[in-house]
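Could you fit the two chains together into a complex? Lean on the hints.
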Amino acid sequence: SQQGEEDPQALSIQEGENATMNCSYKTSINNLQWYRQNSGRGLVHLILIRSNEREKHSGRLRVTLDTSKKSSSLLITASRAADTASYFCATEGGTSYGKLTFGQGTILTVHP
Amino acid sequence: DAGVTQSPTHLIKTRGQQVTLRCSPKSGHDTVSWYQQALGQGPQFIFQYYEEEERQRGNFPDRFSGHQYPNYSSELNVNALLLGDSALYLCASSLWRWNEQFFGPGTRLTVL
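Protein chains in written order, with my numbering: chain A, 1 to 112; chain B, 1 to 112.
Residues of chain A placed beyond 12 angstroms of chain B at every Cβ, according to the derived structure:
1. Pro-8
2. Gly-16
3. Asn-18
4. Thr-20
5. Lys-26
6. Arg-54
7. His-57
8. Leu-61
9. Thr-67
10. Ser-68
11. Lys-70
12. Ser-71
13. Ser-73
14. Ala-81
15. His-111
Derived EDC-like pairs (lysine to aspartate or glutamate); straight-line CA-CA distance at most 20 angstroms:
16. A:Lys-69 to A:Glu-53
17. A:Lys-99 to B:Glu-52
18. A:Lys-99 to B:Glu-75
19. A:Lys-26 to A:Asp-7
20. A:Lys-99 to B:Glu-51
21. A:Lys-99 to B:Asp-30
22. A:Lys-99 to B:Asp-62
23. A:Lys-70 to A:Glu-5
24. A:Lys-99 to B:Glu-100
25. A:Lys-99 to B:Glu-53
26. A:Lys-99 to B:Glu-54
27. B:Lys-26 to B:Glu-75
28. A:Lys-56 to A:Asp-66
29. A:Lys-56 to B:Glu-100
30. B:Lys-26 to B:Glu-52
Everything labelled a hint here was simulated from the structure, so no lab data went into it.
Keep in mind that this is a model prediction, so the values were computed, not measured.
Every residue gets a Cβ at the ideal spot worked out from N, C-alpha and C, and that includes glycine.
Chain B on its own, in the form it takes in the complex (with noise of 0.2 angstroms):
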C-alpha cells in the first residue's frame, strides 16, 4: 500500500517563475492538504482541499493555489516565486475530518 507520494524531489526556479508541485495521497484518503515549512521552523498549513474544492486556507497570498482531481491527487501552484518562498512543500493527506494525517516526503524547492 502506497503511502503519500510527492513529485519532484527538488526544485530550483529563479524569482518570477511559477512552479507546480504534485501529492498523491495515501490509498482510501480523499483529504489533502498543503504545508510550507522553512529551514529550522515548523510547518504552516496552506491550504486544504476535499471533493475538489478549498475548504480551508491558511495566511499565504493568492499567488498560492491549488488543484484537487476526481482522483485525490493535488496541486499546488505558486506564481511570482520569491526568495521567500525557498522552503519544503509537505503534502499530508487524511480522511475528511480524521484526525490523523499522513505526510508525504515533500518537494525542497529553491528560488535563486
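For reference, chain A alone in the conformation it holds in the complex (with noise of 0.2 angstroms):
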C-alpha cells in the first residue's frame, strides 16, 4: 500500500512558471525524499529532508516538510520544458533503512 497521497495528480504549466506539488503521508518518518521519473523508466534522486529540517534547497529545487501535518511540498522555480515527468515524494521511517515508501506521483507537464 502507499504511503500517502500526492497533490496534484496532474499539473500542466508553461516554461517559466513555478510547479507545487505536494505529498502527505501517514506515519513518522526519518526522512522524505523526492525522485523523478521520466516516461516510466528509472528514477532519479532529486533531494532529502530530515524530519528534524523544515526547508532544503538544490538549484531551482525548494522542499518543505512539515511533520505535524505530516506534509511536504516540492517547488521548481523557473520551470522548463525538460522538468516534464512524474514527480513522487518517499518516505523512510524508524528502523527501516532503504526502505522506501512512494506516494502515487505527480504527473508535470511543462509545455514550451
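Written as C-alpha cells, this is what we have:
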C-alpha cells in the first residue's frame, strides 16, 4: 500500500512558471525524499529532507517539510520543458533503512 | 563509473511461468533493493539484500524471492506468474544504512 497522497495528480504549466507539488504521509518518518521519473523508466533522486529539517534547497528546487501536518511540498522554480516528468515523494521511517514508501506521484507537463 | 544496470529491458511471459530479473549495483554499493511499479502507480518495496541476506521485505507473497551474490549483484525471481505481476521492476542500490538510493532503468515485465 502507498504511504500517502500526492496532490495534484497532474499539473500542466508553461515554461518559466513555478510548479508546486504536495505530498502527505501517514506514519512518523526519518526522512522524506523526492524522485523524478521520465517516461516510466528509472527514478532519479532529487533531494532528501530529514525529519528535523523544515526547508531545503537544491538549484531550482525547494522542499519544505511539516512533520506536525505530515506533509511536504516540492517547488520547482522557472520550470523548463525538460522538467516534464512524474514526481514522487518517498518516506523512510523507523529502522527501515532503505525501505522507501512512495506516493502515487504527480505528472508534471511543462509546455514550451 | 557505471550506474545501476538491469537486464533484460523487456520481458514477456505467460501465466504460470517463472522469471528471473537481474541487477548490478552502482560501483561501491553493497545493498540492493527491488521495487514493483504498476502502471500509473508509485513503486512498491519488494525486498532488500545486504551481505547476501534478505534484510527487509515488503508485502509480497513468497512467489517473489531473491538472491544477492558476493559481487553484490542481485536477482529477483517470480514463480507462478499472474497477470497482476505485469509491471516495471526497479532495482536500487545504496550503501548499507545510507539514505540515497540509485535506481536502474527497470525491467518491463508483461504477463499474458
